[in-house]
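Participant: Dock chain B against the given chain A, drawing on the hints supplied.
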Amino acid sequence: MAFLKRYAENRGAVAGLVILAVVVAVALAAPLLMPGDPMATRGRPLLPPGGDFPFGTDMLGRDVLAGIVHGAKVSLMIGLISTVIAVLIGVTVGAVAGFFGGQVDDLLVRVTEFFQTIPSFIFAILLVAIMTPSLASIVTAIAVVTWPPIARLARSEFMSLRRREFVEAAVLSGLSRTRIIVSEVLPNAMSPLIVMGSLMIATAILTESALSFLGLGDPNRISWGYMIGAARTVFRQAWWLSVFPGLAIALTVLAINLVGEGLNDALNPHLKGRMRIET
Amino acid sequence: MPQIGFLLQWVVKAMAVVLAITILNFFLIRLAPGDPAMVMAGEAGAADQQFLDRVRQDFGLDQPVVVQLWTYVKNVVTLDLGQSYRTGRPVTDMILERLPATLLLTGTAYLLALLVGPLLGALAAMRPRSIFDSLLMVVSLVFYATPIFWVGLLLILVFSVQLGWLPPFGMHSMIPVTGTAAQILDLARHLVLPAITLALFYIAVYVRLTRASMLETASLDYVKTARAKGLPEWRVASAHILRTALIPIITFAGLQAGHLVGGAIVVETVFAWPGIGRLAFDALFQRDYNLLLGVFLVSALMVVFFNMLTDLVLRIADPRIAGRA
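Top line first, the protein sequences correspond to chains A and B. At position 269 of the first sequence the residue is numbered 268 (numbering that gives the first Met the number 0), and the sequence of numbers has no breaks. At position 305 of the second sequence the residue is numbered 304 (numbering that gives the first Met the number 0), and the sequence of numbers has no breaks.
Pulled out of the complex, with its shape left as it was, chain A reads as follows (with noise of 0.2 Å):
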């Protein structure tokens, strides 16, 4: 209950909160609400908004409401899945660095060093790219380039633990060390874990969108970034072929940044107000 109203006291948050709900409904509902193939042709090409088509239609006729709401499912699932993916990785690597030390933290940490060394949207395009564009080759690439601050991260909160008497314990009752790991020691290290990837699908969902718009998206699928992507050499006719799509874009992430803060407030009361900004 602390934690609702903790969480309920930033305004910001809970409008958040609000607008991911309706975003995660509209992908849910999108074969009821919009039925059909969202890249088939349904009307004259270039409508403007109005009438049949609120959002008017593309080059092709297609809907552009119909590719906003089957586009949402596209954003969040690839937005959730490389998170999920990227924290797996992260906290895989900062538990055994923190948690070891020694010999096996300086290697995985020159490991981590260095993969935030590289380009990571290049990197991102070139494994796309090389792997051919599909959803799994996108969740891959964004995965691959988002770990390491994760890692970090876990490893400082698994070295802070590490010495606390609760885990000594643990290794004195002979507790096997994969079940200290994951039983004993990251459940106290999941708030900050769990702010920090609640901010990183908002990353994801901005990284996806780029891709898209250079025309790396899953080709079978529409996508928020792929319209404003195809749409670029007439958007100075067709306003509402960039206008729509970068909306809904703007809106989600917001709501995602907005709801990570109102959790951190939440969860790390003693950091409230601070944000967490890491690349």
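For the record, the hints were derived by calculation from the structure and aren't laboratory data. Among the hints, a few may not be true.
[Said to hold, decoys possible] Reference listing, derived: stretches of chain A covered by chain B, where coverage requires no fewer than 3 residues with Cβ under 8 Å from a Cβ of chain B:
1. 199–211
2. 228–238
[What the hints assert, rightly or not] Partial list, derived from the structure: chain A residues whose beta carbon lies under 7 Å from chain B:
3. PHE113
4. PHE120
5. ASN256
All C-beta atoms in this analysis are idealised placements derived from N, C-alpha and C, irrespective of residue type, glycine included.
Facilitator: Just chain B now, kept in the frame of chain A:
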């Protein structure tokens, strides 16, 4: 002489990272679909085995992997990044031709972000929860969430299509202008929109980072002491708070500098700016992987350079770091 020891360590570390990136690059080339022989055969329209074998021999692709890797590392050291699969021109030349345009764009955006962001953030931190502060926080949150390519498109719609104030794309006017002053003005007019587009996201980050960092520093004891001594508020802010508060900003600025090229790919694509970002985009579509990897390597080198530079600047800004080593 601890400074010399530091510099030596610095150079060794940089070289290790560059070597690791070069090796990564080599394996990425091998992972890319189709080798240069296939691509060139496709271009030439003749794909008989003899042709493929000859090209593979020319590129050294018939050698064992280790030999190829050694050759590749040797080539990179001498700044030879191989040839473009499409045009057959040296990749290094193609990148060097385009590099000034990208440096102009990213450099302008970088300076703009570094000047405007921390300034606004510091002003907001001096009057927390004022109208100015709240408004700035909302605006920066919005720009932090907005894809930069979309900001670019909107700026073109407003300032080029609707108002007709600024050119929507390119680096120079179609009809060449004469006179040095007129040429510089022409270039500047083309630079405004892409530079602002690239800078806005980072301004948003700096605003929030500076504000948070200043508020945190302001609550420290030594700042209270400075106030208790009766120093004027602007002196407390500029001499006592700012110096400490600058450290996370410098750290981020260093990280960001090298990553600007990533943002430049998108911005240069939107504004048809003839830099290496645009080159990477074209290479992507022509499946010219060697060229794409060349751009990747060059931007990775820029990251290493800026990271090292940041380390140096931090040692100057924060003497505690030098003492720690």
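Participant: Against the structure shown, which of the earlier numbered hints fail to hold, in ascending order?
Facilitator: none
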